[in-house]
Every structure is written in C-alpha cells, then in structure tokens.
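Engineer: Sequence:
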Amino acid sequence: MWPFWRHRSIQARLTLLAGALSLIVFTVIAVGLDLMIRTAIRDNIFRETQRVATDWIASMKPSRPPVAIPTTAVNLLQLVDSHGRVVTASPALAGKPPLSTVWPPYDDRILHLTECSHGGCVMFTANRVSPQEARFVWGGESHIVYAGRAEPPALASHILEVSTLTAALLASVFTTWMIWSLVGRTLRPVEAIRARMSEISVSELSLRVPEPACDDEIGQLARTANKTLSRLEEAVEQQRHFASIVSHELKTPVTGLQTQLEEAVLYPDDVDQGKVIQAGLATTERLRALIDDILIFARIRTVPPEPPEPVDLGALVEEELITTTWPVPVHIQVKGNVTVLGNRVQLTEVLNNLVVNAQRHAATGVEVSAERKDGQAVVTVSDDGDGIALEDRERVFQPFTRLNDGQRKDPTGTGLGLAISRAIAATHHGTLKIEDSTRGARFVLRLPLLQPGTTDRQA
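Numbering-wise, the sequence shown is residues 0 to 458 according to numbering that gives the first Met the number 0.
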C-alpha cells in the first residue's frame, strides 16, 4: 500500500483521499437519511392508524353494530371482543382471524405494532376501548379495535437503502471528479513551472517560469523562482565576466615571464641571467599578490561569513590602521562609541585599503573620521589629491579597474583593493561609496550600528 501511495502524484493522492472521505461522509449521511425516512413513514402510518381506530370507536353506538368501511389507506379494521372473537371487520379482513393476540393493558391502551406472516407484514394500532366506552356500548365487556394497513414497499423492501446508498455513491463520485478537476486546475501552473525549470541549464539561464495572474501561494512561488533565477543569472554572468578578467590579468604577467625565460634559455650568452631572475621574481611576486587578492575577493563573495562579533570601529581606526605605507600623515578623529557587528579582520582590511589608497593619491594629508550618524556607523576617509571624476566613481569599485593616475602611482597594484572593500561592506549589510568633496576623494563607509541588547547570535 505504501509504495503505491508514495509513487502517486499529488493530484492522485488528494483525489483518492478526498474520494475516500467523501464516500464515508455520504454513506453516513445516507444511513442517517434512511433511518430518518423510515422513522417518518412509520410515525405517519401509526399516526393515521391511531386516528382511524379512535374515530371508529367514537362512532360506535349501543343500538347498532359498528360499520367497518375504510375511507383511507388504513383498510384493515377489526373489532374483537374479550373472548377473541371478531365482531366485525372491513372487507379486506372478512372471515379472517384477529390481526393479533396482543391485548393492550388499561394503563397503556394504545399500542403500535408490526406483525409479519407469509402474506407480508402489517402495521397496525391496537386500541383497547376504555372502560367507560365499553360500559356505554357493550355493558362493560372489554373490546379491542385493530386498525392497520399493509407495510409499504419503502419499508417492506430494501429499495430505500439501495436508493440512499446509490445516491451516496453518485455524490461521492461527483465530488471526487470535482476535486480531481479542481486540484488538476490548481496544480497545472505547478506542472508548467516544473516543466520550465527542467529546461533551464547553465547555458539557458535567461528562461523564466510562467507566472499565474493570481497572487496565491503558487503565484508567489513562481515570482520567487523568477527572482531567484534572475539573481542566479546575474551571479553567473558576473562569475563569467570575473573569470574572463582574471584570465586576462593573469595571462599578461605569465606571458611576460615565459618570454623572459625563453630568451634566457635560447640566448644564454646574450641575456643577463641575474636580471632575468630578478625580473622573474618580481613577476611572480606580482602574480602571488594578484592570486591572493583574487582568492580574498572570491572567498568574500562565495564563502558563508563567520559568526559576527561586536567590533569598535573607533578602536580599529585608532589602533590598527596602517598609516606608514606612504609618507603622508593621517589625521584621525573618533566621535563617541561606534560599535558594529562584523568580522574584525575584514573590517580592518577595508579601512587599511581605503587609507593606503588615500595616501597614494593625497597631496599633503589624509583625514579619517568615525562617528554615529542617522542610526549608522559612518567612517569617512578623505584625501586632498586630485579626486575622482564623477563618471569614474562607480567604475573604480569594479574588479581590476585601475585609472591612469592609479597605474602611474602604483604600477604593481592588482586593482582589487576597492572591489574587495565594497564586497566586505556588502556582506556586513552596509555600503561603500565615493561622495562629493570640496577637494580630493572622499570615501564613506556606512554600517548598521550594534543595537543595545543585540548579540552575535541575533545578527
């Protein structure tokens, strides 16, 4: 049973379950309805037989024998004396023995009975004449009136059970079909989503799943899937672009190194081996720095971050900032407690990158400030150099982007420092931008402040 159930579709499972439940419910309803109809028919028949018996007794006079002429469906009438003799009867019971031998007691003079014989079943009321009426009509001799009729087919046969159960079965079949259609119509968009998802591959990330017009769970699923596919496509495109740039950046020094070594091998007498070795070491050093930066950049974007910890940006600025790379003074100003949740090593890397970059382009000095502003931690690194053109302010954060001035002042740079810094800011739910300044470049790092009572587990 379990493998059969497990390999069914959701539509089949729901339909089978709903069909079974509907069959049970409608069967219970059918049984209850059958009992209710049977009870209503019996009550109506006995109510009528009792009325006929009572009216017949009321019409009896001492001076004349009672007349047993039925005027309704209650056509079985008998008057029986205390010796069990039939005094008078309706034509249907002429010459026949009493309907029953049951004599109701005086304290319960009216009984409703059903008795069966080979000729079928009879439903009747046995009404014992009251002592006052017996004394008035027969001088006190007790008599019984039987008034009845043959049991109707609805009670005598199983037609009522068959009818109600058939109706229950038909209702269950109709309900099952309705649920099958409704579930199929509901799950049709899911099947369309599944079919489209099966077509999507790395080379076909531009495909999107169809979105239903309604805003139900399936519609939200489709929209979420499309947003996820969009992010995935963007990430893959970025990865491809990054891989292309990395291969180009690595190819240039590797090609140069290969050329130098080939010249040293082909023309050993014409090439200064010492200079070749020194140039090769310089090239490998640049390759090592480039590979290190590439690994850092890739790790920040792909590896899940370590659990954050409270980090005092003011202490980082005052204690761990590298300020001796260039002979340019750095002026530090910290206002208040500027604490965030994050990775201390990564945030130190961001600040050092920004300060070293500012020192490289500054004319006389660099200013670094840390403060609380608008519910955020704001770190500003400004220099008094030539600044960055407005159209280049976003471009410098792209991997391996180096402006002419930067290449001139730092020929061995990898062009990944600012890209790494922005990636770290993004992983800390912050931003890193270049903002307007009266002179030079002004880099602004904004991070969410540590809220009172927040722990690293709640971040």
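Quick caveat, the hints were computed from the structure, so don't treat them as lab data. Hints should not be assumed to be uniformly reliable.
[What the hints assert, rightly or not] The calculated lysine to any residue pairs, modelled on SDA-like cross-linking and capped at a C-alpha distance of 25 Å, are: (1) 250 <-> 326; (2) 432 <-> 261; (3) 432 <-> 389; (4) 274 <-> 293; (5) 250 <-> 278; (6) 334 <-> 293; (7) 60 <-> 104; (8) 372 <-> 348; (9) 334 <-> 430; (10) 60 <-> 43; (11) 60 <-> 109; (12) 334 <-> 371; (13) 60 <-> 33; (14) 372 <-> 383.
Engineer: Each hint needs a verdict: does it hold in this structure or not?
Structural biologist: Tested hints:
Taken as a hint, the residue 250 and residue 326 pair is broken in the structure, with Cα atoms around 33 Å apart against an allowance of 25 Å. At roughly 45 Å between alpha-carbon atoms, residue 432 and residue 261 are farther apart than 25 Å, so this suggested pair is violated. With a CA separation close to 12 Å, the supplied pair residue 432 and residue 389 stays within the 25 Å bound. Restraint check for residue 274 and residue 293: not satisfied, since their Cα atoms lie roughly 28 Å apart, outside the 25 Å limit.
Our distance criterion of 25 Å between C-alpha atoms is met by residue 250 and residue 278, whose separation comes to about 16 Å. For the proposed pair residue 334 and residue 293, the alpha carbon gap of about 35 Å is over 25 Å, so the pair is violated. Restraint check for residue 60 and residue 104: satisfied, since their Cα atoms lie roughly 23 Å apart, inside the 25 Å limit. For the proposed pair residue 372 and residue 348, the alpha carbon gap of about 22 Å is at most 25 Å, so the pair holds.
About 20 Å separates the Cα atoms of residue 334 and residue 430, which keeps this hinted pair within 25 Å; it holds. Between residue 60 and residue 43, the direct Cα distance comes to roughly 29 Å. Violation of the 25 Å bound is thereby established for this hinted pair. For the hint linking residue 60 to residue 109, the alpha-carbon distance of about 21 Å falls within 25 Å, and the restraint holds. Taking the CA atoms of residue 334 and residue 371, the gap is about 7 Å. The hint holds against a cut of 25 Å.
The hinted pair formed by residue 60 and residue 33 fails the criterion: a straight-line CA distance of about 43 Å is larger than 25 Å. This hinted pair checks out: residue 372 and residue 383 have alpha carbons roughly 24 Å apart, not beyond 25 Å.
The earlier numbered hints that this structure contradicts are 1, 2, 4, 6, 10, 13.
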